[in-house]
Amino acid sequence: MTVAQPTSRRRLTSRRRGTLIAWLFLAPALVLFLYFKFIPMAQGLRMSFFEVRTYLGDRYVGVDNYATILSDRAFTSALWHTVALAAGTTAGSLVLGFVLALLVEGKARHLWIVRTAAFLPVVTTMAAVAEVWRIMYYPGDSGVVNTIAGWVGIAPQPYLASENSSLVSIMAMGVWRGAPYDMMIILAGLAGVDRSLYEAAAVDGATPWRRLRHITVPALRPVFGILFTLAAIRGLRVFTEVFTLTNGAPNGSSEVLMTLIYKLGLQRGELGVAAAGSIVLFAATLVLTVGVRLFRRRDAR
Amino acid sequence: MSDRFDSALGLEARRGPGAWAAKLLLYTTMVVVFAGPLVALLVGAFSRVIDPTGFSLIPNGFTLANFVEAGHKNVYLYLLNSFVVVGFGLLLQMLVSVFAAYSLARKKFRGMAVVLIIILATMMLPEEVIIVPLSVVLADLPPFHTNLIGSYAGMILPVGAWGFSILVMTEFMKDVPVELEEAARIDGAGELRTFFSIILPMCRPALGVIGVFGFTMIWDQYLLPLIVATEPGQYTLPIALRTLRSDEEVGIGVLLAAALLALLPSVLAFLAFQRQFMRGLTSGAIKG
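If you read the sequences in order, they're chains Z and B.
Here our numbering is used: the first residue of the first sequence is 498, the next is one more, and so on.
Here our numbering is used: the first residue of the second sequence is 320, the next is one more, and so on.
Because the hints were derived from the structure by calculation, they are not lab data.
All C-beta atoms, glycine included, are put in the ideal place defined by N, C-alpha and C.
You may find that some hints are simply not true.
Restraint-style ranges between C-beta atoms, simulated for each label pair [unchecked claim]:
1) Z/Val528 with B/Ile517: 46 to 56 Å
2) B/Leu439 with Z/Ile645: 18 to 28 Å
3) Z/Val596 with B/Met443: 26 to 36 Å
4) B/Asp459 with Z/Trp577: 28 to 38 Å
5) Z/Trp648 with B/Asp566: 54 to 64 Å
6) Z/Leu542 with B/Leu343: 55 to 65 Å
7) B/Glu501 with Z/Thr510: 18 to 28 Å
8) Z/Pro747 with B/Met443: 29 to 39 Å
9) Z/Arg570 with B/Glu510: 54 to 64 Å
10) B/Ser470 with Z/Leu694: 55 to 65 Å
11) Z/Gly650 with B/Asp459: 51 to 61 Å
12) Z/Leu553 with B/His391: 43 to 53 Å
Pulled out of the complex, with its shape left as it was, chain B reads as follows:
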């Protein structure tokens, strides 16, 4: 089949200097429009910028002063807080997901349909809708009367269970051959042993998918840390940006450095796991 019918408009097949120039213009525009603001952020964080006018794609010298100054404004403490929350949160979320998925994919039991409905219901119940009562529940966890407001646990536990990653993991685990599991059983391996040494290693690609999605999801959390953190020392980097901006002593360069640190981890996670990310994205979207 010829190139002409490979795409809806058949643009790939057009040749000649005119078509070539048009394509170059289009691609440049796209890259500048979508990646430009982020490149400008990168450039700005390493330049001496005094006012928003200096925000551009062209570097104005190179300096680390913004990052040094950011240290005086506790930016690295906020970054550390973010890493603590995302580290423990992601570990918990992945464990919870693989455990739940193991049950849903490999076991037959009564009430499975109900569990699936519960999980789907949580996905239709976004965090924003329950944020006000959630803050009340976090302040007085029944029946223990524990207060999680002002603690890292308050930012970590609520992201521990995520319907999306449970369902993605379940779908994947269904495809792991049953024979492997049976062989392990016959060799006398117990339930946990089978799970950790047979099932889990087989799921490594899926762990990459739920890992990178979980990471971006927890890293992007805004409302939850906003209601849980009671003093600036507990802020995660995304919510600290607001305080930094309203601080008169903080220059725009420092703000840019902090914003760069706030978005770099999820961009790096995406670039490192791009294939898994795209696979998860399309499968998630097509399945609804």
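Chain Z extracted, bound-state conformation:
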């Protein structure tokens, strides 16, 4: 069949036109992604193997940048701080969010107001919130947190200014901001739990605690999984709160990967080393994402 029928040819050209239109509508998104996501990513990968020298031309150094950064004490300690901060914030938000969700579950109208008020931290601008917390953490005994801690007999602490407590103080703000989000998602999950199971369990004489353990928690497992993954990935690339609260101080005790990479790349101009650090961070995020996916798939079987 060499000569196409007029009708089928028309159909073919109209389909081709449809395809063209589809790509035209996609073009703005794809061009922006190319320029501001994929070219930078490729550039970052390339830079991580070069000593980047402005005006002098880049010099290929192989894996030297990676060797430099992985053997750097500051980098390894920043890595641990990042993991600790991510783990603490994620776990704290999940546990607190779950407890709060259980306590405010229900249909009553007044609860709606409580939920809205509690949700406010989530939608606020991080930089502004961090300023508020800096003020609350004011180290003297007149600081807000110190005053409140004083009511229960805790002596004044230099929260952000001490090497022992800087990371935990940032974590507390993260939990304050993350728990309401987790609470709302868990509430949405709780609404989907089959009520008749509760009733059946109660008929069998199960206590609320056993109901929670055998019905509610298993039903919420997928929700926990998603919240955990999202929070952990976000936790690895934490920047704004650390940058504005302590910027790694005192004495590097709260330095995280992103603040270190920012300093290396954009303040000290060691672009190649900073790029290598970013690639390591990216690899960690990827491993975590894929790992959790695989784990959950196996879990589902």
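Could you slot chain B onto chain Z? The hints should help.
What follows is chain B alone, placed relative to chain Z:
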């Protein structure tokens, strides 16, 4: 079914003065802990506060002095910068999203799976990871050798395409009945005409969702303006807070006023679009 089994713990059903008092205590604590710092910020911005001790929930008189003083410290210029970036950025982002979603939801074409993978890949490629090379690319955009550092375009263009809002929009557009589109076609409407007068009006609720999420996302941008702004005159309000704080002449009241202005727009956007926000939030989270 009785109230007792309406929730995991059955707390709603408990009555009597003891349970009532416990609930009141719990709700008060929650509101104070989560909303308290923000209320204290609001109160502080309108009070005469000289040191962090004066930071409290109880107003210490009422004054607009902090906001007047903020004007001398260019706070309103920073606020304007923020509005310029979020205004143009959100407009661009919403346009780009609805265009892309239209293709993904309504057209069949080869390579669609690849496009979806590309979009998912961008969502796994957070801005923080590429910030160092991004600053290099922004300084010398290939192949034009354009420098976007120090320009509003450098803060606006990178937020123009956002995978999340494209995907939310796509999901929504799939549910718009095909018959409407076909009817318009038969009436002789062209592609753009169909898009703007049939599809887009049908997507108004979804526009609310991507609008409010896009707004908070762009308003909260920190690293991008930090690397793009080269002089204080270009700072957006969130990054200007740091400079304000380190300025010895700026009192804590002015800092609070500026912080309030920095977080108020996203809080107001949330309160105005609360239902859309919650819907987007849960659908986004449940779908992963």
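These are the hints, each one checked on the structure:
{"no.": "1", "hint": "Z/Val528 with B/Ile517: 46 to 56 Å", "result": "violated, 26 Å"}
{"no.": "2", "hint": "B/Leu439 with Z/Ile645: 18 to 28 Å", "result": "violated, 44 Å"}
{"no.": "3", "hint": "Z/Val596 with B/Met443: 26 to 36 Å", "result": "holds, 31 Å"}
{"no.": "4", "hint": "B/Asp459 with Z/Trp577: 28 to 38 Å", "result": "holds, 36 Å"}
{"no.": "5", "hint": "Z/Trp648 with B/Asp566: 54 to 64 Å", "result": "violated, 34 Å"}
{"no.": "6", "hint": "Z/Leu542 with B/Leu343: 55 to 65 Å", "result": "holds, 57 Å"}
{"no.": "7", "hint": "B/Glu501 with Z/Thr510: 18 to 28 Å", "result": "holds, 19 Å"}
{"no.": "8", "hint": "Z/Pro747 with B/Met443: 29 to 39 Å", "result": "holds, 34 Å"}
{"no.": "9", "hint": "Z/Arg570 with B/Glu510: 54 to 64 Å", "result": "holds, 60 Å"}
{"no.": "10", "hint": "B/Ser470 with Z/Leu694: 55 to 65 Å", "result": "holds, 59 Å"}
{"no.": "11", "hint": "Z/Gly650 with B/Asp459: 51 to 61 Å", "result": "holds, 59 Å"}
{"no.": "12", "hint": "Z/Leu553 with B/His391: 43 to 53 Å", "result": "holds, 44 Å"}
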